[in-house]
Amino acid sequence: MAASYKNQKLRSSLVINGTLILICLLWILPTLGVFVTSLRNSQDIFTSGWWTVLPHKENLQTGEFKVDPAVNVDEPMQFEGVTATFEELRQGVTLPDGRMLTWYGNKRTRTIIVTEEQWVGFFSKPLTLDNYVDVLTGKEIRFTDAAGNEIIRKGNNLGSAFLNSIAVAVPSTIIPILIAAFAAFGFSWLNFPGRGLMFTMVVAILVVPLQISLVPILQDYTKLNLNGTFLGIWLAHTGFGLPLATYLLFNYMSTLPRDLLEAAFMDGASNFTIFTKLILPLSIPALASFAIFQFLWVWNDYLIALVFLGDKNRVVTYALASIVGEKGQDWHLLTSGAFVSMLLPLAVFFALQRFFVRGLLAGSVKG
Amino acid sequence: MQNSQNKSSGTTGIFAGLVVTIGRILISFFVPVITFLVLWQVFIFLRDSSAPQIVIVVVAIIWGVAGVALLYVVSNWFVEQLPGPWARRLQPFVYIGPAVVIMGWYLAVPVLRTLVLSFKDEIGVKWVGFDNYIFAFTDRIMLETFRNNLLWMIVGTFFSVGLGLLVAVLADRSRFEAVYKSIIFMPMAISFVGAGVIWKFVYTYKGEGVGIEEIGLLNAMVLALGGQSQPWLSLPPWNNLFLIVIMIWLQTGFALVVISSAIKGIPLELLEAARIDGATEVQAFFSITIPYIKGTLITVTTTIVIFSLKLFDIVRVMTGGNNGTNVIANEFYLQRFTYGNTGRASAIAIVLLIAVIPVIVNNLREFNKERRAF
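These protein sequence lines map, in sequence, to chains U and P. Heads up: the first sequence at position 146 corresponds to 146 in the numbering used here, and the numbers run straight through without jumps. Heads up: the second sequence at position 202 corresponds to 202 in the numbering used here, and the numbers run straight through without jumps.
Source of the hints: derived by calculation from the structure; they are not laboratory data. Note that beta-carbon positions come from the ideal geometry of N, C-alpha and C, so glycine has one too. Treat the hints with care, since some could be wrong.
Pairs of lysine-lysine, DSS-like flavour, derived with a Cα cap of 30 Å [unchecked claim]:
| hint | chain 1 | residue 1 | chain 2 | residue 2 |
| --- | --- | --- | --- | --- |
| 1 | P | LYS264 | U | LYS6 |
| 2 | U | LYS223 | P | LYS120 |
| 3 | P | LYS264 | P | LYS294 |
| 4 | P | LYS264 | P | LYS369 |
| 5 | U | LYS223 | P | LYS310 |
| 6 | P | LYS294 | P | LYS206 |
| 7 | U | LYS312 | P | LYS310 |
Calculated Cβ distances over 12 Å to all of chain U for the following chain P residues [claimed, not checked]:
| hint | residue |
| --- | --- |
| 8 | ILE141 |
| 9 | SER174 |
| 10 | LEU225 |
| 11 | ILE266 |
| 12 | LEU297 |
| 13 | PHE332 |
Stretches of chain U that chain P covers, calculated by requiring three or more beta carbons in the stretch to come under 8 Å of a beta carbon on chain P [said to hold, decoys possible]:
| hint | segment |
| --- | --- |
| 14 | 268-280 |
| 15 | 348-359 |
All chains should be modelled from the sequences, with the hints used to inform the complete structure.
This is the structure:
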């Protein structure tokens, strides 16, 4: 009885872990493939799948010989005891001992390549960091078009895009948090007319799709000459991030113990002192969670960067998307570029997983 | 003293009220406008300077952040210099004003402005009545985007939530729960553009020919199983499903983590009692787990449905909306930025807004229920 119960438990544990391992494998394979590919030579990437870095059997060339000029290539030919036509040789003919003969090129080359299936081990072809060097640095290409205008086309230059992304993401994270923290404090601790109405607005615009704003805000930006500037995109991310930030921080701050703050107020502390000395330090968990969410949101954002920043200050998502558009089959650039763009978010993910999860869950309703 | 004040309150009360209101409005705009102007000066410096990029980046970050902080300090100091009652009346607006003004500019007012634009022509000059809406609801491409978005919302959400639930329940019984969860959750850290590249590589197709080896994982697997390699992303209508797989890959982690934390909240006694009563694991799952986490399931589903409604990046990067894969948000982008038609783009944005109105109403209702704090 006990033994069978144990057996059953073992079996169900095997089924559970087996299913989960299978799903996880499915989940991780695409990313793994891109990672491995980013480290392979661009020639290898194009000729063989990334999984060939694992041990496998491969046709390796072991020899090559010229066909005697006297042989008529339009009739069946005999080599190494096997008779075959040109067409068959073109496809490859297997010898009794396992070797394979393949005609190289057209009839005039008269070259036959001998290959043999052999086991190759891990990483049979050397890995390289060249792809990363290629994608991070970018040469400028200058040329003059028909009308005589000088056109400068930037290289991939993901290194510069990485810096731009930092220049966009850091202020776009801190500014909305700062503004939202003040507002949340005002909404949760101060009394003023219109408070309920204004906070209702915050709740109402929480899930408004930001497509609503793009057309009118772009008109304003054109008038204010803000298109393509850091300031423009900071403000945009601030505007789109504020409702959620205010809402989350309000929820957090309004649960802080009231007597503590009343005591501080009795002691004659001003609102500003209470906010900076008491409320802000107490709200650090909420601030950190939202900061991580907002930082990743901004870092990974493509739409807002595409609309408000465009080509003038390329961020990593924009740069990566334009490599997809311009060089869609250059997998050595695409894979290494993708990994450069994922570097920082993945580091945040693994280093701050708990905050990350909390921030992401709290922020998932964002419009 | 008291008496005289009461007497005059009839006339000066209105006057004082007016001044206070104007003061409040001014103070709300004070910080954002000054901040804007100060940032503007540095922006001009940054635009015109030829300093190395790293210097520009550092200056931009410090100036942007410190500028905002400084202006709060200054305007707070300014208000605190005012006589007591004035300071008390105006100070809250120093704190909430900037946030309200910015939110108003970026989200609340644009709702009305977009609504107005949606009744105008492509450059926003002439009134065209409902023409843009007639386009939005009858055009062949728009109908295609509706079909595709529906597909995204139904298939994508179903599998994201379903797989999330499955993994959450299974992982709950495994010792390696944390490992499984972080693997499934990891794609949430990646941008949609990055995810697009990852999956484009899975689907890549080289075609037939002598000596050509497929380097895409999917085609290699299909070939190994004896099938034919295919250009997966150019095969309508199936290519939509291949794109939806990407969204499932991204969103399952989110569903998993939320559902998993809800499952952890189920009291163990409840499940134990059911088992003692002879319920099988499956019965316990349907009669206890599911009803207990129903609220969470609804929240997760709503969130993912909204996400798939506004989906843009994946389609933009993978297919650009070609080959029958267009979605509403991409058509919005095309109308505004490729065809330069603000009227139609605005109408499409309003369609998106209408689709989320039920959620907005629900949020407001929930908020009003908890509003006793106000």
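Verification of the supplied hints:
1. Distance check on the hinted pair: LYS264(P) and LYS6(U) sit about 25 Å apart at the alpha-carbon level, within 30 Å; holds.
2. Taking the CA atoms of LYS223(U) and LYS120(P), the gap is near 20 Å; set against the 30 Å cutoff, the hint holds.
3. Distance check on the hinted pair: LYS264(P) and LYS294(P) sit about 14 Å apart at the alpha-carbon level, within 30 Å; holds.
4. Between LYS264(P) and LYS369(P) the alpha-carbon distance is near 27 Å, which keeps this suggested pair within the 30 Å criterion.
5. Restraint check for LYS223(U) and LYS310(P): satisfied, since their Cα atoms lie roughly 28 Å apart, inside the 30 Å limit.
6. Proximity of LYS294(P) to LYS206(P) is assessed by CA-CA distance (about 46 Å); at most 30 Å being required, the pair is judged violated.
7. Our distance criterion of 30 Å between C-alpha atoms is met by LYS312(U) and LYS310(P), whose separation comes to about 26 Å.
8. For ILE141(P), the non-interface assignment is confirmed: its Cβ lies about 17 Å from the closest Cβ of chain U, beyond the 12 Å cut-off.
9. Residue placement check: SER174(P) does not keep its beta carbon more than 12 Å from all beta carbons of chain U (closest about 6 Å).
10. Every Cβ of chain U is farther than 12 Å from the Cβ of LEU225(P); the closest lies at roughly 15 Å, confirming the non-interface assignment.
11. With a least beta-carbon separation of about 18 Å from chain U, ILE266(P) lies farther than 12 Å from that chain, consistent with its non-interface assignment.
12. No Cβ of chain U approaches the Cβ of LEU297(P) within 12 Å, the least distance being about 14 Å, so the stated non-interface status holds.
13. With a least CB separation of 5 Å from chain U, PHE332(P) falls inside the 12 Å interface cut-off, contrary to its annotation.
14. Judged by the Cβ-Cβ criterion of 8 Å, the segment 268-280 of chain U is covered by chain P as claimed, because 4 of its residues qualify and three suffice.
15. Counting residues of the segment 348-359 of chain U whose C-beta sits closer than 8 Å to any C-beta of chain P gives 5, which meets the bar of three, so the coverage hint holds.
Hint check: violations occur at hints 6, 9, 13; the rest are consistent with the structure.
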